[in-house]
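Protein chains in written order, with this note's numbering: chain A, 1 to 231; chain B, 1 to 231.
Please keep in mind that the hints were generated in silico from the structure rather than gathered at the bench. The model shown is predicted, which means the values in this text are computed figures rather than measured ones. One thing to keep in mind: the hints can contain errors.
No copy is singled out in the list; a pair is fine if it fits within one copy or between any two copies.
[As the list claims (entries may be wrong)] Once the Cα atoms are required to be at most 20 Å apart in a straight line, the calculated SDA-like pairs of lysine to any residue come out as:
id, residue 1, residue 2
1, Lys65, Lys211
2, Lys65, Asp76
3, Lys211, Gly50
4, Lys211, Met64
5, Lys214, Ser51
6, Lys211, Ser51
7, Lys48, His215
One-letter residues, chain by chain:
Number of protein chains: 2
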Amino acid sequence: MERQFDAELNALNEKLFHMARLAEESVTLAVKSLKERNEALAQDVFKKEGSVNLLEIEIDELCMKLLALRQPVASDLRFITSAMRIGSDLERVGDLAVNIAGVSIGLIKQPPLKPLIDIPRMASLAQGMIKDSLNAFVNRDEKLARAVCERDDEVDSLNDQIFRELLTYMMNDPSTIDRAVGLILIGRHLERIADHATNIGEDVIYLVLGKTIKHHIEEIRRQAAVNAEAQ
Amino acid sequence: MERQFDAELNALNEKLFHMARLAEESVTLAVKSLKERNEALAQDVFKKEGSVNLLEIEIDELCMKLLALRQPVASDLRFITSAMRIGSDLERVGDLAVNIAGVSIGLIKQPPLKPLIDIPRMASLAQGMIKDSLNAFVNRDEKLARAVCERDDEVDSLNDQIFRELLTYMMNDPSTIDRAVGLILIGRHLERIADHATNIGEDVIYLVLGKTIKHHIEEIRRQAAVNAEAQ
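Sequences are here, hints too, so could you generate the full structure?
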């Protein structure tokens, strides 16, 4: 029985890894389609979407089965509920890659607005965060998970920089507006991909420590107590 | 024991309702701050954020406790895992309201770009979807849940319309660019709020039917089988 449960947990790990790899590849292809102006690569992202979605459902079904049949407690329970959450984050990453691919197809029909440097850099940061967050999950590596969460700021500030630069482009030359808006949207999609990696990192810390660090919980509870006293 | 479990499930329902109400109010306030050009209302959204986040954590903790101590199966198990997912959707709705409030504060420092009609309409549609999806959850009302999911298309097409209209504004008058981009971002935030309500609707259908309709699963599985055969 015990060994059977271990085998099921391993199957769950494998599905998550597989899903993370597909989601990461989708992000790579979507940004590559933009950089290399290659619509076929964007089409490949659309083709991968079904597999990512199917994996989310398989992960959910496996987790529900494990919860019902194995009735896990403590760290096994946290592992399984985290896996469900991670599946849902990875599904969103796949969706965001599809969004990027969609914008890319529109953009590559027009002349390039500017050489792309920051967007591929953001994409590679975000992908690295996804990869590391999954490694942190499987190895229950709290330190790596924290490092992932810390890298989110870098992605956010790159996105702000891209946004400001593109606003300037539009103001100087209104003929660039729709292309600039497209690139702004891609920057935001990448920022959200990094947010999902951060969510996964937070789940790993919860898994290892048995307590949540989401929303800096202790700070919130302290503040709630202060507010309650003030009333 | 049984009655104690029922009381705990009721407490979970109440927390979800409370959270949904806070999240909805945040959306109302954020859009109102923009429409009435009132920064204090946007500040109120920031104040509510902590409570929304705290409720997500309380809901998660309660669900983990119920999973560990009551070891629910079948429909109770689905109810509890759906509640966790819904908590996370509502937390994202609260975040998106904060994003809208942030953009609003920037926009109301400048002259109005145009009378706001479509954005408040989108907001009220999205809020109605959140409210109905929660009612569907608590009453296990599959029909209402499906109606919520169907309304998502209306929000999407309003958002497309807003986007195209604002692009025209920018092209005709580049001095409107940063305000138009702000409104485009608010449109997208509202669209995502409606997406979260749709996720909740899908969770309700899963809860009632015991099978997922996410990503049109049967269609995906059929396609995967066809692909596998073709290889």
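A quick look at each hint next to the structure:
For a Cα distance limit of 20 Å, the shortest separation of Lys65 from Lys211 across copies, 13 Å, qualifies, whereas the shortest one inside one copy, 24 Å, does not. Proximity of Lys65 to Asp76 under the C-alpha cut-off of 20 Å is found in both arrangements, the shortest distances being 13 Å within a copy and 13 Å between copies. Taking the shortest alpha-carbon separations for Lys211 and Gly50, only the inter-copy value of 18 Å comes in at or below 20 Å, while the best intra-copy value is 34 Å. For a Cα distance limit of 20 Å, the shortest separation of Lys211 from Met64 across copies, 11 Å, qualifies, whereas the shortest one inside one copy, 22 Å, does not.
For the identical chains of this complex, Lys214 and Ser51 are inter-copy neighbours only, at 13 Å across copies versus 30 Å inside a copy, given an alpha-carbon limit of 20 Å. For the homomeric pair Lys211 and Ser51, the shortest alpha-carbon distance between copies (18 Å) is at most 20 Å, but the shortest distance inside one copy (33 Å) is not. In this homomeric assembly, Lys48 and His215 come within 20 Å of each other (Cα to Cα) only across copies, at 13 Å, whereas the closest approach inside a single copy is 33 Å.
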